[in-house]
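Residue numbers (the working numbering): 2 to 647.
Treat the hints loosely; a few may be bogus.
List time: in silico SDA-like cross-link candidates among lysine to any residue, alpha-carbon distance up to 20 Å [what the hints assert, rightly or not]:
1. Lys627 <-> Glu601
2. Lys180 <-> Lys194
3. Lys419 <-> Pro435
4. Lys406 <-> Lys429
5. Lys429 <-> Arg482
6. Lys527 <-> Lys478
7. Lys527 <-> Arg482
8. Lys339 <-> Leu373
9. Lys510 <-> Arg500
10. Lys527 <-> Gln497
11. Lys145 <-> Lys180
12. Lys557 <-> Glu544
13. Lys426 <-> Gln442
14. Lys447 <-> Leu402
15. Lys591 <-> Gly574
16. Lys525 <-> Ser536
17. Lys180 <-> Arg166
18. Lys557 <-> Asp539
19. Lys484 <-> Gln442
20. Lys557 <-> Glu507
21. Lys527 <-> Glu544
22. Lys631 <-> Arg592
23. Lys162 <-> Glu142
Since the hints were derived computationally from the structure, they do not count as laboratory data.
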Amino acid sequence: MIRLTVLYDAKPVQEFEQGEGPREITIGRAPGCLVRLDEATVSRLHAVIRHAGGRWVLERKASFGAVRVNGEEVENAPLQGGEEIAIGKFVIRVALEEGAPVPEGFDAGDGGERTRVLGAGTAGVFRFPPGTANVAQFPLEIGKAVFGRATSCDVVLLEKKASRRHFEVARRGLNFVLKDLNSANGTRVNGEKAQGEIQLNTGDTITAADAEFTFSVENPAFFQNEQAFLPVAQEEPMDLAALAAEAPPQGVGQAAEPEFRPEPETKSVIVKLWRWYKAQPQFRRYIILLMVIAGVLWLFEDQVPKRMGKPGAGQTRQLKVGPDGRPLKIFENLSKEKQEAIQKAYDDLMDANARKDYIRVLEKVTLITGYLDDYKETRFIEGIARKAIEKAEADERARQLNERKQLIREQVAALEEKGRALYEKALKEKAIRPQLNEVIQEIYSKDPNNRLAPDWTAGIKERDREERREQEEAAKKEAERKKAEAAFLRVERIFQSGRYVDALAEADKLKGFQEEEYLARVEKLKADVRAKMASLIDPLIGEAERLRRDGGDLVKAKELYLKVFDVDPDHEGAIRGLNLIRETLHQQAKRFYAEAILAESVSDLVEAKEKFEKCERSAPEGDMYKQRCKAKMLRFQAFPEMQDGG
């Protein structure tokens, strides 16, 4: 890390520090410079400090104005800490703190260093429409901020329906997380109610009650750097002669005294002037010296009588004067020696102009205009030189800006390539999405209008919604499966209790859960029930049918059919067999009854009683002969003497 302490008149006025990374520290008078030195002798972009090759390097950018390191004028210089950089009347003290060394050739713009620089420069910016909040925009770089109607909040919302403490936003690494503070009317992000913690992304719209505003992730440091290299409106050309004639500035933002007035302490004033003169760049000291010599010469010429002639020649020449009576600063008023010097300076000026050495041109212009207001095309060429220098500076700024933009484009392209791979994985793996989000935030910090980043964000949000739907469907299906499983177990219990028909009826209701494996289990259970029923019913039916067909014991056959109904009350075979037996037994009972009546008519009561008993026993339930025979038997029971034949 590098720390810069800026001093003016030996007093600290500013401090700046930055970690190792690709961001240049711009120093100059322009408003966009990271270290701004507001003084007329400082160029708009005077110097930059950058970290390269594992070390900090100072580089001069100004066309005019020196950069001195420990008193020596430099163009480029490595910084090791402890140096004092003099720019104009400012002194910048350099301090380096130990940190993780950067290997030779390591790209500080890619990797951990980049993350630290990005974290320091990136901010979450909330922008509020008029009448929404007490500020038009609010940047959040670290920590958290509370939004609400209370005046103690970091951002005071003017919406009456907003709660006193409505929601808060906290920064976590490269992410910004919103959390509703149990507000009465809720907080929405892009129309969706904020439940729990919501991660914010560039372009999100936040609604608190009826107040609506936007959020974006920006890198103010990047825009400051960009502005530092943007072409700026050209200032009025600097009059070097006038600058050299100015007295030393009296302080930052203060105007110089109208004229220099010696104080009683003459020695200290001279010392101050001498120190000020030594502090000037070599080029400016040369100009000041020329101006002083020119001033002395003019002062000397003012003391010479207006009529001059060569010694011994007796000739004189008349000097041209202005309305105030003072000699005009024109070529004809100069002595021959000065005219020759001016002509030589003009020739040198034209030669320098032909070679496009515009710094040399301005030196000669300063020399010539020290004696004359203008000479031939001096002022015209001076204008060309100044415009050429201004154009060169503008071209250099444009070149640096293009280089920076190209670097950013390359960095964004690398991030996009990385993001594409992560995006495809993130659609399938949820654990990859935080990595993708970090890449998206880095892209936004470098290219806020990037097209891929919002597409990826929208794609991941849609995938999140699909996963939630899939989870809901899976949960619903699981609930149905558990319900179906419970129903299946209930049918098994009915089966095991011997209620086979009920088990089959309940098994038919299990078709609602359309899972192949489950339906197969249901069908197997039904087959097991039917098999068990067949194992119980088939022997009974077989024996009953045999007895019925062979004219055997029909009563026993009837009992076997009735046992079948204990297993299956609706068994068709048993119903049909019982109907056949019933008819046979009816006819048999009818015959026994007729024989009993016949025996009774001949007073063979013993035979009659026996026939009535057989009739009652063989007649099916509900048969009329069963009722008649039962009545006859009651008579035999009431009159026992009838059984003895009496």
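Structure-based check of each hint:
This hinted pair checks out: Lys627 and Glu601 have alpha carbons roughly 17 Å apart, not beyond 20 Å. With a C-alpha separation of about 11 Å, the suggested pairing of Lys180 with Lys194 holds against the 20 Å cut-off. Restraint check for Lys419 and Pro435: satisfied, since their Cα atoms lie roughly 14 Å apart, inside the 20 Å limit. Note on Lys406 and Lys429: the hinted pairing is violated, with a Cα-Cα distance of about 34 Å set against a maximum of 20 Å.
Of the pairs offered as hints, the one joining Lys429 and Arg482 is violated, with about 26 Å between alpha carbons and a cut-off of 20 Å exceeded. Straight-line distance between C-alpha atoms of Lys527 and Lys478 comes to about 24 Å, which puts the hinted pair past the 20 Å bound. With a C-alpha separation of about 19 Å, the suggested pairing of Lys527 with Arg482 holds against the 20 Å cut-off. The suggested pairing of Lys339 with Leu373 holds, with an alpha-carbon distance near 11 Å, which does not exceed 20 Å.
The straight-line distance between the Cα atoms of Lys510 and Arg500 is roughly 16 Å, inside the 20 Å bound, and the hint therefore holds. Taken as a hint, the Lys527 and Gln497 pair is honoured in the structure, with Cα atoms around 12 Å apart against an allowance of 20 Å. With a CA separation close to 11 Å, the supplied pair Lys145 and Lys180 stays within the 20 Å bound. With a CA separation close to 9 Å, the supplied pair Lys557 and Glu544 stays within the 20 Å bound.
Taken as a hint, the Lys426 and Gln442 pair is honoured in the structure, with Cα atoms around 18 Å apart against an allowance of 20 Å. Using a Cα cut-off of 20 Å, the hinted pair Lys447 and Leu402 holds, with the two alpha carbons roughly 14 Å apart. Between Lys591 and Gly574 the alpha-carbon distance is near 26 Å, which puts this suggested pair outside the 20 Å criterion. Of the pairs offered as hints, the one joining Lys525 and Ser536 holds, with about 16 Å between alpha carbons and a cut-off of 20 Å not exceeded.
As the CA atoms of Lys180 and Arg166 are separated by approximately 11 Å, the hinted pair is consistent with the 20 Å bound. Note on Lys557 and Asp539: the hinted pairing holds, with a Cα-Cα distance of about 16 Å set against a maximum of 20 Å. At roughly 46 Å between alpha-carbon atoms, Lys484 and Gln442 are farther apart than 20 Å, so this suggested pair is violated. A threshold of 20 Å between alpha carbons decides the hint, and for Lys557 with Glu507 the separation of about 34 Å lies outside it, so the pair is violated.
Distance restraint check for Lys527 and Glu544: the Cα-Cα separation of roughly 26 Å exceeds the 20 Å cut-off, and the hinted pair is therefore not satisfied. Distance check on the hinted pair: Lys631 and Arg592 sit about 15 Å apart at the alpha-carbon level, within 20 Å; holds. For a cut-off of 20 Å, the pair hint linking Lys162 to Glu142 is broken: about 28 Å separates their Cα positions.
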